[in-house]
Amino acid sequence: TQLLEQSPQFLSIQEGENLTVYCNSSSVFSSLQWYRQEPGEGPVLLVTVVTGGEVKKLKRLTFQFGDARKDSSLHITAAQPGDTGLYLCAGASGYSTLTFGKGTMLLVSP
Amino acid sequence: NAGVTQTPKFQVLKTGQSMTLQCAQDMNHEYMSWYRQDPGMGLRLIHYSVGAGITDQGEVPNGYNVSRSTTEDFPLRLLSAAPSQTSVYFCASSDRDRTEYFGPGTRLTVT
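Line order of the protein sequences matches chains A and B.
The numbering used here puts the first residue of the first sequence at 1, with every later residue one more than the last.
The numbering used here puts the first residue of the second sequence at 111, with every later residue one more than the last.
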């Protein structure tokens, strides 16, 4: 069974701070996805990384896929209250179903 | 495009009752899935389908049935509701690049 461990589980910060969320596994994934879920809604895809060592930027969000394709990180620069939400990572491997982490709940206060 | 739609948005059932959660997508995706989301447990896969007429079990299939008679629809049936099935249920569809498009969810309470 493939597992994805996310840390931290919960993060409460002030507007303007930087933060990093981690997604780790002992398994290799062919690609890794990051989703954000706002209260009362379904998760929405932010980015997919597919190459070991790949770095993708989405405005103030930077995503990195580990060289061995077993881990990933999400870094947010100068967090804003609009970044508040549950961040989920999900790994894809072959033809099997996606493996989701349990998520990191981020609260950004003004 | 409406994307993935789910009905109802909220539902309260008594133990032992049955019901069907509806899910439809208009993106012509082959893959559809049902997840449940519980605090501290993340998203857990209940059942999934890789095309019309083909379904398979996920991580937590007990107490649920699915069918896929068309590409667009993927209903989830609760056979005899139990309090342990109190949860938020998400339907999702995906294309070949494995991106999941989620519906807005159904919040189910079983008393």
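Worth flagging that the hints you see were computed from the coordinates, not collected in a lab.
Positions of the beta carbon are idealized from the N, C-alpha and C atoms, including for glycine.
Check each hint, because a few of them may be wrong.
Coverage of chain A stretches by chain B, computed from C-beta distances (three or more under 8 Å per stretch; other residues unrestricted) [said to hold, decoys possible]:
hint, region
1, 34–45
2, 83–93
Take a look, some chain B residues computed to stay more than 10 Å from chain A by CB distance [as the list claims (entries may be wrong)]:
hint, residue
3, V114
4, D136
5, S143
6, G152
7, G161
8, L189
9, R208
10, T209
11, G213
12, T221
Among chain B residues calculated to face chain A with C-beta under 8 Å, some are [said to hold, decoys possible]:
hint, residue
13, M129
14, D148
15, G150
16, L155
17, Y158
18, G168
19, V170
20, F212
21, P214
22, G215
Outcome of the hint check:
Judged by the Cβ-Cβ criterion of 8 Å, the region 34–45 of chain A is covered by chain B as claimed, because 7 of its residues qualify and three suffice. Residue count for the region 83–93 of chain A with a Cβ under 8 Å from a Cβ of chain B: 3. That meets the three needed, and the coverage hint holds. In this structure B:V114 is not separated from chain A by more than 10 Å, as the shortest Cβ-Cβ distance comes to only about 8 Å. No Cβ of chain A comes within 10 Å of the Cβ of B:D136; the nearest lies about 16 Å off, and the non-interface call holds.
For B:S143, the condition that its CB be more than 10 Å from all CB atoms of chain A is violated, with the nearest at approximately 7 Å. Look at B:G152: its CB is around 4 Å from the nearest CB on chain A, not clear of 10 Å, so calling it non-interface is violated. Distance check on B:G161: its Cβ is at least 13 Å (rounded) from any Cβ of chain A, clearing the 10 Å threshold; non-interface status holds. With 10 Å as the threshold on Cβ separation, the claim that B:L189 sits away from chain A holds: the shortest Cβ distance comes to roughly 23 Å.
With a minimum CB-CB distance of about 5 Å to chain A, B:R208 fails to clear the 10 Å threshold, and the non-interface call is violated. Not every Cβ of chain A is farther than 10 Å from the Cβ of B:T209; the closest lies at roughly 5 Å, contradicting the non-interface assignment. For B:G213, the non-interface assignment is contradicted: its Cβ lies about 6 Å from the closest Cβ of chain A, within the 10 Å cut-off. For B:T221, the non-interface assignment is confirmed: its Cβ lies about 22 Å from the closest Cβ of chain A, beyond the 10 Å cut-off.
Interface restraint check for B:M129: the shortest CB-CB distance to chain A comes to about 20 Å, outside 8 Å, so the restraint is violated. At about 10 Å, the closest approach between the beta carbon of B:D148 and any beta carbon in chain A exceeds 8 Å, and the interface hint on this residue is violated. Because the smallest distance between the Cβ of B:G150 and any Cβ of chain A comes to about 7 Å, under 8 Å, the interface hint for this residue holds. This hint holds: B:L155 has a C-beta 6 Å from the nearest C-beta of chain A, less than the 8 Å allowed.
The beta carbon of B:Y158 is positioned within 8 Å of a beta carbon in chain A (closest approach about 6 Å), and the interface hint is therefore held. The beta carbon of B:G168 is positioned within 8 Å of a beta carbon in chain A (closest approach about 7 Å), and the interface hint is therefore held. Annotation: B:V170 was flagged as interfacial toward chain A, and the flag is violated, the nearest CB pair being 12 Å apart, outside 8 Å. Below 8 Å, beta-carbon pairs count as interface contacts, and B:F212 has one with chain A at about 3 Å; its hint therefore holds.
Checking B:P214 against chain A: minimum C-beta separation of about 6 Å stays under 8 Å; hint holds. The restraint placing B:G215 at the interface with chain A holds, with a minimum CB-CB distance near 6 Å, inside the 8 Å limit.
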